[in-house]
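**Student:** Sequence:
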Amino acid sequence: MDKRTLHDEFSNIENDLKQMILRLSEMKSTVESLTEKNVHLEVENKHLRSRLIELEKETSATATGKNELSKSRMNLEKIYEDGFHVCNIYYGSRRENDEECAFCLDVIYGERK
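Residue numbers (the UniProt record's numbering): 1 to 113.
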């Protein structure tokens, strides 16, 4: 191999290496960008999952309604379910045929200010 061919071969290899370095640099910046987006999405996903759990707790609490009752109201509810009135009109008397009493339900589930 003569000196001219050897020099041309080195020039070709050098150009190929420069192109590879450029491609590697582009790939590196793309990977950095994707990593940054991934981290951002993971944080957002974490926040959304925690918010979803909060909403599910709120929904289940309002659906059952029992989580909103105080301990004393839960006791009144149990007495009512056992078949007795808890309202101030018929307090302590048995409910006939377990029919509902609007006064009792207001005492148990009514909103107080």
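Hints are computed from structural coordinates only; laboratory data are not their basis.
Don't take every hint at face value.
Stated by the list, open to error - With a straight-line Cα cutoff of 25 Å, these simulated BS3-like cross-link-like pairs (lysine-lysine) come out:
hint: 1; residue 1: Lys57; residue 2: Lys71
hint: 2; residue 1: Lys57; residue 2: Lys28
hint: 3; residue 1: Lys18; residue 2: Lys3
hint: 4; residue 1: Lys57; residue 2: Lys46
hint: 5; residue 1: Lys18; residue 2: Lys28
All of these numbers come straight from a predicted model, not from anything done at the bench.
**Student:** Next, verify each hint and record whether it holds.
**Tutor:** Hints versus structure:
Between the alpha carbons of Lys57 and Lys71 the distance comes to roughly 19 Å, so the proposed pair stays at or under 25 Å and holds. With a C-alpha separation of about 43 Å, the suggested pair Lys57 and Lys28 falls outside the 25 Å cut-off, and the hint is violated. At most 25 Å may separate the alpha-carbon atoms for a hinted pair to count; Lys18 and Lys3 meet this at roughly 22 Å. For the suggested pair Lys57 and Lys46, the alpha carbons sit about 17 Å apart, so the restraint of at most 25 Å is met.
Pair hint Lys18 plus Lys28 holds up; C-alpha atoms about 15 Å apart against a cutoff of 25 Å.
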